[in-house]
Each structure stands twice: as structure tokens, then as C-alpha cells.
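S.K.: Sequence:
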Amino acid sequence: METQESALHDKLKNAAAECDNPGAWSNGTWQFSPNDLNLFYRSNNDVRFLEWANATAVDLEQLGKLCDPATFGANQQDVLDETYRKAGKMDTDRFSLNMCPERSGLAHVVKMGLLGLRDERSIKLEMYKLNVYGEGSFFKAHKDTPHGDTMFGSLVIVLPSLHQGGALLLKHEGKEVTIDAAKDLDAKPPGTVAWVAFYSDVEHEVEQVVSGHRVTITYNLYFTDSSTLPLPKELLDTENLTEVLRQLLIDEKFLPGGGTIGFGLKHQYPLPSKKTKAKHLKSLLFFFLIRIYSLLGHCPMIEKLYTGLCYGECKLSSV
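Oh and the sequence shown: position 31 is 31 in full-length UniProt numbering, straight run, nothing missing.
Worth flagging that the hints you see were computed from the coordinates, not collected in a lab.
Pairs of lysine to aspartate or glutamate residues, derived as EDC-like cross-links and limited to a Cα-Cα distance of at most 16 Å, are as follows:
#, residue 1, residue 2
1, K11, D251
2, K140, E203
3, K129, D78
4, K143, E203
5, K143, D201
6, K86, E205
7, K143, E173
8, K86, E61
9, K143, E176
10, K183, E207
11, K129, D144
12, K171, E205
13, K143, E207
14, K171, D201
15, K140, D81
16, K89, E61
17, K11, E243
18, K65, D46
19, K65, D91
20, K89, E135
21, K143, D78
22, K89, D68
23, K140, E205
24, K86, D68
25, K140, E207
26, K86, E207
27, K175, E203
28, K175, E205
29, K171, E207
30, K89, D78
31, K86, E135
32, K129, D68
33, K124, E102
34, K171, D144
35, K140, E82
36, K129, D91
37, K171, E203
38, K65, E135
Assemble the whole structure, with the sequences as input and the hints as a guide.
M.R.: Okay, here's the thing in C-alpha cells:
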């Protein structure tokens, strides 16, 4: 019996470890305030304002016309070739918007998605360009040119706008995925954006836009010298862990008299106040409770078991 329990413990431990194995990219949707997406941009000596939630096809067409032709990096040079890339671009000295990935929490999710839970390096986001892909626009397969020694990847945010096509195809070490922001944003609340972050060595291409306008804000991702403890990751690859838990919970021999399954918190999370900390933890726990119930059919309970420091594996003899 002890051998069987040990095997189940190892299986569960290995499945949990896989959740901290980040890949070459991470993506999802994120909710901003609609006002955060309002765009200010400059055309010659005129400053224009675009209320994004009410932007029309005519507004986006005008925005695209005021963009410069988008170039791409090749052999340490900016190259203009519309047979390879056809799109418009604005540099950061020509536009501004209130959207802040750091303040909203998106930057933390991006970091966890690319670096995992245990990497304590800090990153910074630097807004790079606005791009408009109108009908017929595309960008053939390529890899990004790093800007500096500490740049390691890119974050692309797709603003909500009606369009078809323009899916992003990512390839790396034999794996590939297609991310269609137009479908991901369908029927989402106002202010929702689609995002994808990936390492600089990931090959990616933008498929041709069939109709409408695909508008993106790109950020360069850099490592910084300072380090901070990471916050918990919300978007985990938990498929294997879920299946192992499912098998354990339907096994009548597993904890026949009831018991406790859990993971101890390891870090001191740098939240500004007790009120904020409690609110943040409550939202994370609520997410996982709903997730467990929907996938496993069991309604878990939250209970504080111990307080204090624990290094390595902690075995509780009593509760």
C-alpha cells in the first residue's frame, strides 16, 4: 500500500512540475478599461483623438492612411519590401494611449507565461510600434531582430476591431500554433484585447487580412538588472495535472477516509497592503476553485493548515 501511495505521490508531483515548464510563447485575452484604449496620434502638426470603443471602419482606414509603410529588419538594416511585408506603422513619437500592461497586471502574466514560476528575473516592457494591417496586408515568416543585449522577446497586443484573417502563426523547434485574434475577441466585452508574447527566436508570420483592419501595439521585452519575486501564474498548462487528479479522485483506495491535497505557498508576495493582498489572493483562489469544480466535478474547500517557513517538501502529520 505504501509503495502504491508513493507511486501516486510521484506521479502527482511530476504532473505539477510540468505546470512550471514554460514554452516559447504565451497568449490570451486581457480586459482593460475601454478608456485605456483611446488613441492620440499625430499627423504633421495636427493631433487627433480616436475613441477606440466607437471607432468606425472609416476611422481605422484614416489611421492606416496616416501610417508610414512598415519595414522589417534584415542584416542589421531596415528594409522596405511590400512583397514580404505589407502594413502600416507609427513610431512611438507619433502616438500615445493610456493602456498600461504593467499597471493592469498583464506584464506579470506575460512574465510568468514565458519565464515560469521560479524565474525571479525582472523584465521591462518598452512600447515599440503601432501597426495597421488593412485588407490585403500580411507579413511573411520571419524572426525578430533583438534591440540590445537584454532584449529577449516581444509582446503583441491586438486592439479590438472587426477584421477577418490576419492570424498569427508561430513556429519553434517543431511546434507551431495559429492565434486568430479576430476569433478570440469575438463577443468579448469592450476594452478586451488579445495578446501574444514570444521569444525572439520564434519564427512568426501574419497571414493576409481578408477584410477590416488588424491594429496592434508591439512591446519589446527586456531583462532588467534588478529582481523581484514573481506573483502566482494564472494561465498554466494544467492538462496533465488535471488528469492525474481526476484519476486519483475516482480511485476508491485513494484517501478512503478523506484527506487533504494542497500545495504550500513558497514566496513572500510584494503586494502593497493587507487589503490588496487579501483581494488579490481571493480572486486567484476563486479562479482555481471554479476551475477545479468545472474539470473534476468536486467542490474544494479552503483551509489554513500552517503558518511559517518551509524549505523543500513539507509533510504534515496532522491538521
